[in-house]
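Chains as they are written, first to last, in our numbering: chain V, 1 to 504; chain S, 1 to 504; chain P, 1 to 504; chain D, 1 to 504.
Treat each hint with caution, since some may be false.
Given that identical chains are not distinguished, each listed pair holds provided it fits within a single copy or across any two copies.
Derived pair list, reagent style DSBU-like, types lysine-lysine, alpha-carbon separation capped at 30 angstroms [unchecked claim]:
id, residue 1, residue 2
1, K110, K151
2, K367, K11
3, K485, K185
4, K364, K11
5, K140, K342
Quick caveat, the hints were computed from the structure, so don't treat them as lab data.
4 protein chains.
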Amino acid sequence: MGGFFGTIQKKRCVEELFYGIDYQSHLGTKRGGMATYSKETGGFKRSIHNLESTYFRTKFEDELPKFFGEQGIGVISDTDAQPLLMNSHLGRFAIVTVARINNAEEIAHKLLAENMVLSEFSSGRINPTELIGLLIIKGKDFVSGIENVYKNVQGSCSMLILTEDGIIAARDFWGRTPIVVGQRKDTDGNIEAMAVTSETTAFPNLGFEISHFIGPGEIVRLTADGMQQLRKPENQMQVCSFLWIYYGFPTSIYEGKNVEEMRYQTGFAMGEEDDTEIDCVGGIPDSGIGMAVGYAAGHHVPFQRAISKYTPTWPRSFMPTSQETRNLVAKMKLIPNESMLKGKRCLFCDDSIVRGTQLRENTKILKELGAKEVHMRIACPPLIWGCPFINFSASKNVLELITRRVIEDFESGRTKATQLSDVSGGTKGDNVCEMEISDERLHQYAQTGSPEYEAMVAEIAKRLNLDSLRFTKIEDIIEAIGLPKCKICTHCFDGSSSHTINNF
Amino acid sequence: MGGFFGTIQKKRCVEELFYGIDYQSHLGTKRGGMATYSKETGGFKRSIHNLESTYFRTKFEDELPKFFGEQGIGVISDTDAQPLLMNSHLGRFAIVTVARINNAEEIAHKLLAENMVLSEFSSGRINPTELIGLLIIKGKDFVSGIENVYKNVQGSCSMLILTEDGIIAARDFWGRTPIVVGQRKDTDGNIEAMAVTSETTAFPNLGFEISHFIGPGEIVRLTADGMQQLRKPENQMQVCSFLWIYYGFPTSIYEGKNVEEMRYQTGFAMGEEDDTEIDCVGGIPDSGIGMAVGYAAGHHVPFQRAISKYTPTWPRSFMPTSQETRNLVAKMKLIPNESMLKGKRCLFCDDSIVRGTQLRENTKILKELGAKEVHMRIACPPLIWGCPFINFSASKNVLELITRRVIEDFESGRTKATQLSDVSGGTKGDNVCEMEISDERLHQYAQTGSPEYEAMVAEIAKRLNLDSLRFTKIEDIIEAIGLPKCKICTHCFDGSSSHTINNF
Amino acid sequence: MGGFFGTIQKKRCVEELFYGIDYQSHLGTKRGGMATYSKETGGFKRSIHNLESTYFRTKFEDELPKFFGEQGIGVISDTDAQPLLMNSHLGRFAIVTVARINNAEEIAHKLLAENMVLSEFSSGRINPTELIGLLIIKGKDFVSGIENVYKNVQGSCSMLILTEDGIIAARDFWGRTPIVVGQRKDTDGNIEAMAVTSETTAFPNLGFEISHFIGPGEIVRLTADGMQQLRKPENQMQVCSFLWIYYGFPTSIYEGKNVEEMRYQTGFAMGEEDDTEIDCVGGIPDSGIGMAVGYAAGHHVPFQRAISKYTPTWPRSFMPTSQETRNLVAKMKLIPNESMLKGKRCLFCDDSIVRGTQLRENTKILKELGAKEVHMRIACPPLIWGCPFINFSASKNVLELITRRVIEDFESGRTKATQLSDVSGGTKGDNVCEMEISDERLHQYAQTGSPEYEAMVAEIAKRLNLDSLRFTKIEDIIEAIGLPKCKICTHCFDGSSSHTINNF
Amino acid sequence: MGGFFGTIQKKRCVEELFYGIDYQSHLGTKRGGMATYSKETGGFKRSIHNLESTYFRTKFEDELPKFFGEQGIGVISDTDAQPLLMNSHLGRFAIVTVARINNAEEIAHKLLAENMVLSEFSSGRINPTELIGLLIIKGKDFVSGIENVYKNVQGSCSMLILTEDGIIAARDFWGRTPIVVGQRKDTDGNIEAMAVTSETTAFPNLGFEISHFIGPGEIVRLTADGMQQLRKPENQMQVCSFLWIYYGFPTSIYEGKNVEEMRYQTGFAMGEEDDTEIDCVGGIPDSGIGMAVGYAAGHHVPFQRAISKYTPTWPRSFMPTSQETRNLVAKMKLIPNESMLKGKRCLFCDDSIVRGTQLRENTKILKELGAKEVHMRIACPPLIWGCPFINFSASKNVLELITRRVIEDFESGRTKATQLSDVSGGTKGDNVCEMEISDERLHQYAQTGSPEYEAMVAEIAKRLNLDSLRFTKIEDIIEAIGLPKCKICTHCFDGSSSHTINNF
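Just chain V, with the same shape it has in the complex (with noise of 0.2 angstroms):
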């Protein structure tokens, strides 16, 4: 996904602006980078490096005393290279985005045309912020320009630009990924620095408390003295709910609602009804972690560790894209706790499964390790369709979730719905489904409770050899998050945001 964050202060703000960005880090990978503007020098500064096998912070420390300025910003980005700077009729300025754009392509090829100039294509693809970049400056000023990138673009964008007069906040149109503002006085009450950011985690430790959440489509100013709304919010929203179940950290705030307690609030919804009987619940770490604490609450039974994650030197929380590295960081990272295991009946919550895989190696070791069952619970319901909105990157293919190879199976009659199998035995060898499912059936297969959906669960459960499975419902999710169903979006459990697609 990315995060980006940005100040502006009275005074030098090179320190607060890394530790800000540094906060991102667990929503990207990818590349690093940090603009800065003084006033007073007129000048601009910025700074990108590849993340993909170290660290923000080991890599622009040595380079704070190079930056300069009262105001900047930063992203962790999971995809391009950022913030790119722009000098045009508009003056200059950095933008950095959380984007994703599923019409590139055809937006690129009309800017062509118009005799406009793409440079950065190094990487052997379109950079979407450069993309939002050009698309700002046809308008006339920034809003007009902005809201050309909002009739445009096909997915979501947020961004941050650094002018020469603030910093400009503007979110996505539907959205779908989130700005929080905030703001520090001085002992005298008055606001002495302003901040923005895609995660709330970034302000405690830096003296911010939230001022202000940004509505879809809302843009705003942000000045050393406060804020100024340059458009009004849309009334509509479909806010990612995977923003609580799997990407927040633990002590971010969206929309009002902190990602913890959200995740809490699920884990012991589903412990208080749930009959099972366990000697222990664990969290699969780190987004697992929330919902088994809650669950045991709720269950009243002990939550302990029966697998540590080894965050000394596995800190990240999101993987490299080569499958073969992602396995083996999986496999390292976690370290199972056979003494806590042995002789006793396990439960494990986890924010959601994707293709399995990884899962059902899990229940393996922990079964060879002496765990007498292997219970399981997600944070979310199934995954049934794709994300077409951010670069949600557990789901790159559709046809790998487990929940569609199973329907395939089922649908092809590969399976029957009620007969054994095991992982592999009804599914082709390369794990990628081939059959088209009509979106009637899949809906099916997705209503909770239905019994296409209790067929799939329990197949799924029996591929993965767990003792039990269960997933949480829709309905607790937005009870957890405590908005109205129908401003967030839920479209990976239920199709149900694909009107959304054409913004505007």
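Assemble the complex: chain V is given as a structure, and chains S, P and D must be docked to it using the hints.
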């Protein structure tokens, strides 16, 4: 402290060695090194890197292709550069140690007088591993050489020696630091690889199972086929209790007892008998969490993560040497979760209290964010004596301990035990004690439940602005570890191991 | 100045491209870059490194395996980051330039008003190559785009463009900077590779022979089979005479005339007519040596190396930007040879005198080491006018020229032409002139043999403590180059090219 | 070979030490190191870097601020890592050597048997400097320790020792490698700094003047005030003649004789008596130029640079160890100047002929580029014996010498002395000799003017396709150096120093 790992196999061992060493990363922050030997080429290969601003994996990953061989050792060191290579009448060998030598100057002086040479002094200090190597070479064989180390070193010393005929592992004469042997069998049930480690956390993901806990003073030799005892273990033992309380990764096992289990039991025991009314329990990451989880279960209140560690970029548990940076890291790495604190009576578990500075700061922030009450439970008794045995970094200067400062204030009359006082009130500006307190008097303060103990604890709670404070009793630690009291070193709590300072 | 190289072949071109660019290293010190294109994969690959403290080879050698393709271009740049990549209605291309744009601000302003974007401004200044790329894109095809550059740019601009259909080379409209085309034939006599370069020094070791000197304003396209002319050359020319005097590597050829030969002839001519009695002749490394060798032959005295450059670690001819470091480098890289100086009447040749500071310092050292006399012969006339055409680094500020300071001192009456004076005596502290001198008066000083010229040269010799000083006459330079006077730019000596500042 | 530098001053010496070491860069390519000592803090600081792919300056420049102290030593080593630090009964010291030890295994064996330790063997070989340090420590003081080195080492050894009481310099017992002492006086005429160096090239730019050429076996101690003799020099000497011919930088002086002067005289002498008709003379850079300049003067033909070395990026004179890379570097670094070759009868001077491969290749290229004739003059006699005294890299394997291959072909009858043959014709494929030739017979080939000598030279000329070839006579070298024949080692030309292999 530091940790080491070695393995000898029938095939190339480099990659497994690398991961095995990496899993010691929580034990040291200064130097990382590895050495391998190839029987075929007869060559040793060694590399050492500074880890003060980067990670073992980052530094060594690119070098792996240059390494070769079927046997190797490595270390994450908290002090000196290791492994050292030595060519001697015992043949060529590489050596790593987990050691502290109190009488290094004296030993060095003796060795120089015998025409021996010390070559590692560019850091301005004697390299303990070099001293140990020279003491070994003075023996007619490795066993008599290692006994030479046992006889001469005041402090402690465990070591691995990579020879041309296998890996020799020798545990400290009093067993203060651990060494555990693991084996891996092929599908026919034959041993295909042996490993030896400070932390058994290194075993499960590399496929090793524990085959032997090396005893105090015991010496063994590993070959690819198994283990051979070169010297029987001593009967006495003084294994460090802080291994379980503070140093160990949750999944590690010493003397048959798992770290997380020990912490859980300690917490459970205290939770059960504690009658404080609270809303939730949390742990100060990382080492306080195991206890908190147990306390929650014993006390029947939910475990909740009201403080999170930002592991994506602050992965390491240990801290940099500059106090200023330590303070910054301490502040930035822990993120309070306002949503889970507001209006709550919170209880937190932590491993120990050293100077108390950071804890006082944390308490202040938690209350500012809305916590109604802040209670603290500590996984061990008050630290009153310094550790002369291992390099326990937390208590570099015994006179900086908050206990000592409180005791001095009591004894000098600066603080009346019954009077209210703030943390700095009774203490002199430099926060370092100057008064000589008799050992007898210190023992009175160390005695759980004595009037002096109660006054001291109450005074610490006051100074740290805590609503309540309790320390774990020595007896509960002993019980949780499960060894006889006489085999566990609890010197920093009760000064009981002074008589063992001279080995043999 | 900067230099570029490109090649297009029937097989992988990466390694040859790398060496070809490396051979431009004496022309620039700031940035090095290369870009390649593979017809097969359709991909561009680009990399740019800062060369201010390291070498092109060091930076790029490890990256070569990541490059691919059969055609590529690269540059050693003395100014901005290159090559730039651009995707436009002309297709995708990479571009490198050897350029100086005096009216960059004005062009940028015009482009921004037309909704174009400048993205390269993090260095705080406009990137000339980006401007040139945008001017090209405004054309309907490459040729009309490049003519757009010719029309708009005040200064000079030669360029290489790597397109999907071959490499386009376009020489500066006035031919101020050179481009030479080379070809390589296979054993059957068929062309197997084409190359294009600033310096023909890149050709012999890569097996290319010169096939065409691109003319002023000429545009050609190279394919692997040969060269196609896209625009005819202009008749007029103003090729920079400093290419032979100072910039070029001895083995390079421009307009058919070899650098070393030109220097030798210049020296020979002066040596022949000079009647100074001396014992030996030496050159100030590197660019003074060619002239010295010729002078020795013409004057019938031995050439001797009484000063050596310590090339093992001071390889580069050009200097760092900080004046302090320039001075240190200037001091450390040249080593006087006391044994060859003592008691001798030495004559040295150097390329030019700019500020004179370093030469004065050298003379002082030579005399201290025992040289009986120190005579100096300069490879060009006195520098009196600044260069508005190429980035001639030596004369950044025309008012720092020693000629100008002497002229000002004469004209202001501070120095009498006949009076003795030391170098700082007549000049004000900051060594920068402030007085306006009429162009007519400057021409009188520039006129070889005029009373003003003689007085100026005598005064410079006095200030530098030289026993005699002579400058080469313009006519001798013209003759040595072998082109008509009207085709050679000698502006810095005689101010003769002012009328060409506006192109086309 | 390697070179070292040391200095002791009344103020911080670090920067001067750094430049002084840097000026040894032409003597080695493998490791660079420096060590300093501060009397005030009592601390040693040491650093060593690999120089195989970078330069001393690049590696050490950034580290300088971490160094401290008023005295220091350093080295550019062609073999092992240096300086070594040793703490012993002689106190702490750092040591650097320019040494070759033929009997290293034997010495190591003896030392290990005496319970001494060798710690530097990770490179797979014994570190000669460590052996030397251990031999010194076996002495009761430094002088007797160094005599221990003189007695035991077969080969050669000069050294600098940085002690807590000044710098000790000890020259090889036979004086094969040089050490020169320099002093610098303040404006009052008092000594303010002393320095000691392999190459006096390091002196002029640091302000030192030569005060003493250390004699064979002589030992001195430097303090900031001056020099004190600890051991008198021997009368005999065997200083290496290749110092002047090949190793030395032109500005260096050994035994009072300047390198460039010696080369010039050698060339002049040959030029005077040579009657070959030629058009110009050039030198093969770098070491052939001095001779060429002299030859031109003696022969009354112009010196011209028909071949240039591309110093901007190929600065180092010595070559990498891989033969393939050596060949590539050899090809790429020298650039022929076609314009100066075409139709000319060219004569080139070079330092020596080893295997002849490169020279044959160069001749071929020169002729292809149009040279009418190519004559070669060599600065020394034919190399016939290997060097057992210093690490003369060029003759690693005596049987690869072109002389030996020609001699073998003659002696075996494969080549008739009178018959025409091409270079590979008479020789077996692997270009390594296999036949045993008696020493007596070799002496006949070595004898200038003997029939065997003439046949051998003629055959080499044929194989290298040269129009003529002449070698300098031993007598001319002796005369140019200016020492008695008995004091100069000319072993590789006449096998005359075999009796000195056992020292003392």
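We went through each hint and held it up to the structure:
1. Proximity of K110 and K151 under a CA criterion of 30 angstroms is satisfied in both settings, with 14 angstroms inside one chain copy and 28 angstroms between copies.
2. When the C-alpha separation of K367 and K11 is checked against a cutoff of 30 angstroms, the pair qualifies only between copies, where the shortest distance is 29 angstroms, while the shortest distance within a copy is 58 angstroms.
3. In this assembly of identical chains, the alpha carbons of K485 and K185 never lie at most 30 angstroms apart, being 36 angstroms within a copy and 55 angstroms across copies at closest.
4. Proximity of K364 and K11 under a CA criterion of 30 angstroms is satisfied inter-copy only: 26 angstroms between copies versus 56 angstroms inside one chain copy.
5. For a Cα distance limit of 30 angstroms, the shortest separation of K140 from K342 qualifies neither inside one copy, at 68 angstroms, nor across copies, at 46 angstroms.
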